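Q: Sequence:
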Amino acid sequence: MTLKGFKSFASATTLRLEPGITCVVGPNGSGKSNVVDALTWVMGEQGAKSLRGGKMEDVIFAGTSGRAPLGRAEVSLTIDNSDGALPIDYTEVTISRILFRNGQSEYQINGEASRLLDIQELLSDSGIGREMHVIVGQGQLDAILMATPEDRRGFIEEAAGVLKHRKRKEKALRKLDSMQANLARVQDLTVELRRQLRPLGKQAEVAKKAATIQADLRDAKLRLLADDFISMSKTLEHEVADENALRERRASVENDLDTVRRREEALDAQAAYEGPLLVAAQETFYNLNSLREKFRGTQTLAQERSRFLNEEAEEARTSGRDPETLDAEARALRLEETQLRADVLSAQQQLAAATTALAKAEISLKSDEDTIAAAMRAIADAREGTARQEGHIKSLNARLQAIAEEIERLTRARDDAQTRVDQAKREYSSHELEIASADSGELGLDSQYENAKSQLEFAKSKVADLVDNERAADREKNAVEAKLEAMKITSQNRDGASALLRDSRGVSILGSVAGLIEIDSGWEAAAAAALGNLADAIVVRDLSSAVTALTTLRNENLGQADVLVYEPGKSGNSLIPSGLTPLSAHIRSSEIGDLITTLLASTVVAENANAAEAILRSHSGVTVVTRDGDVVSRNRARGGSKSSASLIEINALIDSLETKLQELSHNCDRFKFDISTATAEFESRQSDYDAALSKLNESDARIAALTEQLAVSGQNMKSAMAEVERLNTSIREATAAKSRDEGEITIAQSQLQQRGVVAEPDHSHTEVLRNQVSIARTSEVEARLAVRTIEERVDSVAARALALEQSAQSEREASQRAITRRSARARAAVISQAVAEAAYEVLIHIERSIAKAATERGRLEESRASREGETLTVRTRGRALTSELEQLTSSVHKDEIARAEQRLRIETLEAKTVEEFGIDTTTLVNEYGPDKDVPTFHETEDGEIISTEMVPYRRDQQEKRLASAERSLNLLGKINPLALEEFTSLEERLKFLAEQLEDLKNTKKDLLDIIKEVDDRVQSIFMEAYEETAKHFEDIFARLFPGGDGRLILTDPDNPLTTGVDVEARPPGKRVKRLSLLSGGEKSLTAVAMLVAIFKARPSPFYVLDEVEAALDDINLGRLLGVLEELRESSQLIIITHQKRTMEIADALYGVTMRGDGVTEVISQRLRESDAS
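For the sequence shown, UniProt numbering gives the first residue as 1, with consecutive numbering after it.
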């Protein structure tokens, strides 16, 4: 036995179980019992609980911390069949079972896939049944002993091989139950058929009598129809003769009318030719008159203009001053302007000197006033005291020191700000360089981004266009598919012809006309119109097939159909004149070509109705069909628009739709492929676009960061420069304050050193200085006024000189324009005179043309008057002929309608004859015409109707005969026409069911005999096995319990087939017989005694015992081992044990251990060979 992936056997493990006793030993939990479970499982066990699991998938190795789980479990059991114990032609049989985690399982016998039932049946013949009595697992001994008597009987039956007989019996019982149901059903059907036969027999008699009356009725109707057909045909012939006279008169009128119409057309053509000429002549006459008036006006205007220009040729010279005088005055003013500008320069020098003197005087005055103010403050200080003067000096010194410190601090701050300005300038320049570099690099990114964007938009639009095209093609494809399906359904649903084409019902049919022919493209409508209803007709090979087809259509109510009989080699002569194209030239058929030629023997084609009319005028004996499907013959025309299409047109449309559908399918596939390609390209373009956009965004972000840093640097530079400027201003202010304080402290110290009376300062010098300042200011104002006055005079003189110069130039230009204008007037006068003379010459030619145009117009008007008179006469004649033709046409039309109605009545009568009676009019006239004698019928006393003598045809007698037959048929009441067939069919079915009923009864008897035979066989086998088992049980029990008493008894000896088997056990020294009162060891030994008794009575090839001796003491163990050694002679024993004494009697040992990774490992040892050595 080979285990792989079964429970703890993760790796492939093979156990070679040799004859004799093989012990499997190992510690608890090592996997010894898994060997028993594997053997049970491979032999077909289906219960997961029997395998110590919750579900069947638990037998698959579940994995450990060091080993991954497996996906399947596989066990193979190889049995030595050299003795032929198994009913199979192999000396070695291998049974395999494989289970996957998804629940699927496989069984194999010698590598061939098999069923579980095959394995069970193979093993059951060797005493290894489904109950597995040969495998005794842990805890099963007590279950065997405590089993019901019926279960114990099952152990003996399984060992004796009774199960296959019971299966045979069960199969026979199932057949018997099924047969019993069939028997009841057949009996019910027989009763029902007998009940139906009685009324159906009466209906069959009525139907038989009705058939005779219907034959008489049919004969009377056919004779009356033949009489009607002959009389209608004669009437039609008379009407045709009258029609010919009317047609001749109508032809004469049509010829006259054609002559009149041709003359009218000629007059109309002449009018159409001369009408535009007259209009053109009138327009020419009117245009020449208009042109004459225009040239007269032109001549008059030119003469007047020439006279006017000659009168003003000597225009007076323009009045005004001399330009030379004006130039002389302008030159004098320019000299004056030059002198005045020199005076301006001199006055400006005097103004500058006066301004300088005023400034010096004001400076002297301010210095003297400051000195006086300081002297006055010194005097005040002296008066306030020396102490105060000293305090003032100290405060000035403190201020000077503070100012000096502030100047030093401001200087340091200015130097720091200047350093920051320099640093900001360097940073600003660096950022400018970086931005310029980034801008130059961004040019390539912009172009790359724009290129990627344009390619992406193109790819996106391409995908959208392809998707729209694919959707449009798919919608068109769906519409074509729907239309094609509708056309196919339409072609299939066309009454009786379609029904016969779908199912011929035994009729030999070649096919439909539309399906057997091929038509040139564009001529489908013409072929359909020419063939008419025959386009949908079916074609058969002989007349009998046609009659059979019509009979089938009538009997099965399938509708109507046209049937054409085609006999190969027979074709009609062509009636088409030379020079015309027959319709058959556009129709081809490899099967019914002669038939098509016959049907279209006189049919030709034309492009349109006008061409058809022209053909009929030359060849009145042909039928013309146009490409659009209009049919025109000498006596009939059919056409216009159609509301439905023929089968030919439908088939042609189906072919075109199928071709279009293939093209659309190809387009859809192509669009799908293009879409996938375009989508891939779009994704690639999207990736390129995203990459370019990312690079551009990175560049923009970098430039933005640099720009922001540049702005920060610029702001820092501006703020630092502003701070430097502010500090410089503060330093200058502090320096000025320091200078003032230093001067003040010098004055204060000098005053403090005098320490005496300070004299009042002298104010006289100050007053002198003030007078000098006042005089200087007056001089400066006067000099400024003199400069402004001279400048104004210069501007005035310059403006006057410029005006005189411009006036002189204007006078010269006006003189030149006057000369040019006089020359132009002289040339215009000459031109005007030439125009007047030319207009006079043109007027002479126009007068001549007007005379010619008036002559031509008069001639055309006279022609028109004469033509209109003749046209009126011709039209009057045409109306008269048209009226006469309409009357003749109406008469012919009425006659045609009458004849058409007569023909329709004849065709209706023919159709009625064919539809109701299945014969044509030729047969009708030949067999049922008025010249044929009529049979008479007589009803006998038995109610039968027989034929008697023949009498001449008289219509009144046949009408009475028809009425009498109809009355007789009505008196019979409702008739079942199928009663005879149904009655015969039911009789045959009843006879068949009676035979089947007899067969079922015989089969039931045979099944009962089989069941009795099986019961006898089961009883015999079971009783033999039971007696032997009971005998061995008594012997083995006595050996296991010396002095004890045990036996097997039947619970119902009178019924050996259903009786159970009970066990009575009395150990030595005890009087109890109830098994439940035995000890654990006694129960185990009793169960072992029963199993060993079964083993001895019906030995099996092998037995498996899983720790059956675990509850036994040494004495009882020794007794059990003695019994097991006896079994070794006939069977192979596999024992799972922990007992050393059991191991000692083994021929081979298998040691089972659990490795650290949770996988079972097996080692083996042959003990008998070791002992021998």
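If you're looking for bench data, these hints aren't it; they were derived computationally from the structure. Keep in mind it's a predicted model, so treat the numbers as computed, not measured. Backbone N, C-alpha and C define an ideal beta-carbon position, used for all residues, glycine too. Errors might be hidden in some of the hints.
To be verified - Label-pair restraints from in silico Cβ distances:
(1) 248 / 908: 30 to 38 Å
(2) 927 / 248: 39 to 47 Å
(3) 55 / 1163: 47 to 55 Å
(4) 903 / 927: 21 to 29 Å
(5) 106 / 1163: 49 to 57 Å
(6) 901 / 637: 13 to 21 Å
(7) 551 / 927: 27 to 35 Å
(8) 687 / 464: 37 to 45 Å
(9) 453 / 627: 19 to 27 Å
(10) 105 / 1051: 34 to 42 Å
(11) 865 / 627: 18 to 26 Å
(12) 436 / 338: 51 to 59 Å
(13) 262 / 237: 35 to 43 Å
(14) 864 / 903: 47 to 55 Å
To be verified - Derived lysine-lysine pairs resembling BS3-like cross-links, with alpha carbons at most 25 Å apart:
(15) 912 / 175
(16) 202 / 175
(17) 1001 / 175
(18) 932 / 234
(19) 1012 / 175
(20) 169 / 1004
Q: Does each hint hold? Answer for all of them.
A: Hints, one by one, checked against the model:
At about 31 Å, the CB distance of residue 248 to residue 908 agrees with the hint of 30 to 38 Å. Look at residue 927 against residue 248: about 40 Å separates their beta carbons, and that is inside 39 to 47 Å. Evaluation of the 47 to 55 Å hint for residue 55 and residue 1163 yields a failure: the beta carbon distance comes to about 32 Å. For residue 903 paired with residue 927, a C-beta distance near 23 Å keeps the hint of 21 to 29 Å intact.
In this structure, residue 106 and residue 1163 break the distance hint of 49 to 57 Å, their C-beta atoms being roughly 30 Å apart. Restraint check, residue 901 to residue 637: a C-beta distance of roughly 18 Å satisfies the suggested window 13 to 21 Å. Our hint of 27 to 35 Å for residue 551 and residue 927 is violated, since their Cβ atoms are close to 18 Å apart. Between residue 687 and residue 464 the beta carbon distance is about 19 Å. The supplied range of 37 to 45 Å is therefore violated.
Range check, residue 453 to residue 627: about 57 Å between beta-carbon atoms, so the 19 to 27 Å window is missed. Taking the beta carbon of each, residue 105 and residue 1051 are about 39 Å apart, inside 34 to 42 Å as hinted. For the pair residue 865 and residue 627, the beta carbons lie near 47 Å from each other, so the given range of 18 to 26 Å is not met. As the Cβ distance of residue 436 to residue 338 is approximately 58 Å, the hint placing it in 51 to 59 Å holds.
At about 38 Å, the CB distance of residue 262 to residue 237 agrees with the hint of 35 to 43 Å. For residue 864 paired with residue 903, a C-beta distance near 54 Å keeps the hint of 47 to 55 Å intact. The suggested pairing of residue 912 with residue 175 is violated, with an alpha-carbon distance near 60 Å, which exceeds 25 Å. Distance check on the hinted pair: residue 202 and residue 175 sit about 41 Å apart at the alpha-carbon level, beyond 25 Å; violated.
Only pairs whose Cα atoms come within 25 Å are accepted, and residue 1001 paired with residue 175 is accepted, the gap being roughly 13 Å. About 19 Å separates the Cα atoms of residue 932 and residue 234, which keeps this hinted pair within 25 Å; it holds. Between residue 1012 and residue 175 the alpha-carbon distance is near 15 Å, which keeps this suggested pair within the 25 Å criterion. For the proposed pair residue 169 and residue 1004, the alpha carbon gap of about 14 Å is at most 25 Å, so the pair holds.
Comparing the model with each earlier hint shows violations of hints 3, 5, 7, 8, 9, 11, 15 and 16; every other hint is respected.
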